[in-house]
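S.K.: Using the sequences provided together with the hints, build the complete structure.
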Amino acid sequence: MPPLPAHLPPPPAHAPARTPVLEWLRTPRPAAEPGIWRLGHRPRPDEEPELVPARRLFAGALISLLSGWLLWSLLWNGYLGRYWLWPLLVLTPDSWRTDAETWATASYSYYALVGGGLLIFFARVGHLPEIWRRYALRRKAAPPPPPAQGADPADWPELRAAGLDDTARSLAAATRDGSLGDVDYARISRAWQGVRARPERLAAFTDAVRTQGAAACAHPSGVRDLPVRTATHDLAVGQVRIGTAADHPRNPYARRTTGVALEPALLGTSLLAVGPAGAGKTVRLVRPVVESLCLQALANRAAVVAVTSHGTALAPDAAFDVVVSVGRSDSTHDLDLYGGADDPDEAARILAEALVGDLVADTRRAATALAQLIGPYQAAHGHYPGVPALRELLDGAPEALAALRAAVAHDPAQLRELDARARQAERGDEVGVLLAERVAFLDRPAFASFFRTDVRTGQFSLRTLAHPLRVRVDLPERGHAEAARIVSRLLLAQFAEAALARTDRSLFACLVLDDATYTVTAESVRALQRLRSAHAGAVLALRSLEDVPEHLRGPLLGAVGCRMAFAGLTPWDGGRFAETWGTEWVQTRDVTNRQIISDEPLTKALHFMRRLVTGRAATAEAVTVREVERQRWSASDLAHAVPAGHAVLSLTTVGGEHTPPLLVDLRG
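Residue numbers (my numbering): 31 to 698.
What the hints contain is simulated information worked out from the structure, not anything from laboratory work.
All values derive from a computational prediction rather than experimental measurement.
Warning: the hint list may mix true and false statements.
Have a look at the derived ranges for each label pair, beta carbon to beta carbon [claimed, not checked]: (1) P60 - P117: 49 to 55 Å; (2) A652 - W615: 22 to 28 Å; (3) A470 - R240: 57 to 63 Å; (4) W133 - V653: 49 to 55 Å; (5) N107 - P60: 54 to 60 Å; (6) R446 - E576: 40 to 46 Å; (7) R228 - V655: 55 to 61 Å; (8) R164 - V653: 22 to 28 Å; (9) V655 - T135: 53 to 59 Å; (10) A496 - V313: 28 to 34 Å; (11) S479 - D255: 32 to 38 Å; (12) P58 - E580: 47 to 53 Å; (13) W615 - A496: 46 to 52 Å; (14) P117 - V653: 35 to 41 Å.
Backbone N, C-alpha and C define an ideal beta-carbon position, used for all residues, glycine too.
M.R.: Structure representation (structure tokens):
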């Protein structure tokens, strides 16, 4: 592993500002629907209120109050006669009129009652209550109260509740003086969860906190943060923010303008992202997700394997524990061709999937052919064959086969395997020829120092997913495209096998393929469905579904729980997404307005006043409400109505919760 830099480089100008830990910890995180950025989230109403525009609201209020003042002036000065006083005369006894003081009190009370009634009437006509609610009450709204002393996360209340007052005080002091970062908080919280599950670790936990403080329970690398962050993270709940739900009619009102985030509970169902080159898959999705998983790995919560091509600015080398640069002499690590498998049949099955999984629907014959060769070879040499030796055996080189037969002459079981291979090699549909052609793509001078099986030093195997490793594999796509695709399929097959074989599944394991072109096979689709039960997931990015065999496009979209369609999608790709997302029932309202015309003077006056107050003529509405079924997003909408820098995203959690497809602005 390359040495870490002596000092961390400064963050780029576009990197988000880091929130102080105290403020970050004390920010509320209310429970929310899947995919909502919970840090500081404020729930929105389910339905959009019918708001009057502010300009028309204030104009109507002013005209209404002026009309009320004018009417009151006419009444007060007697220009409209004294008929409006008859209720006072009817409801009061004659004796009150002879007493000046009593009559004055009754008269002014009546004036106040009439004036107040006019004020309330014209205030409601002018929407003054709406103005009060929209502006006055909003400004007077008090900020949320600070957390109670016992519930302040900075005081580590869980440790105090367990009686670890000294440990809690030590961590609280580190939190307040800034020496404890968000990764430290997530890592120590994770360690405390392990103590609760296994109480025998309590002594080691308290001793580590006492001696090391904020650096306690460190990642095996000793690193406590990434050199650079380009995305916004909330390690308390494991989220990374990737964008904002657009304020668009297609989005539910409750989700508009809310942050959109990804987390292990969502990535555990696997994510498929499709969009053309330049749509932002790497910069706006893959890079933030990999960065988040690397941070969670430093918190001992996850293991990540990111697969990309040489030269892709996914993350600096210092952000990873292992960097495998296939085909480059400066690579510090080699890649285990057989994924650390001890059983030859398992190793053959994984390798067959990588070599011919994209060509044949059933790789069992290919796996059998490989097992018939690598089994005897392992028995003879103590390790599996390297690429050159495997190519010779598959090509049927007489010298290589004779030497292998002589090496296992004492083992009848291995001789039977070689005899079976010899018989199958004589068949017209022999799969060994195809396997040899594919192995030849890896038997190139550029890969001479890779995939070695006779040495174990500096070799990376996906069997290490039981540890919180950060791994990046760089593929030689420019000069060796077919070899890069074989290695991609190999890594996907090895990852699925290793994730499902783990006994300790407390770590979330994730494989991120920046380019999954020609990587999806029938077996990998089945493996994706099984990953969610193993606390693992995969992120697959594709330029087009055309890079997937036609018979697997539908099953692939059905196997993943999270689907993402970027701007610039082709109509035929959009059709696949539209079919997967299905339809919904929506209400449509057909409104017919008819102006009311009256010949009566009083009605004309009222209509004239209404026009002054509201700016609209008096009309009668005829409303027809219907329920119709329509596609959530049609193929045409996905191809032509998604703005640049946006994507349509649907999410599903491991627990089965799901969200409808949302239009997400990825530029924020």
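S.K.: Which numbered conditions among the earlier hints are violated in the structure presented, ordered from lowest to highest?
M.R.: none
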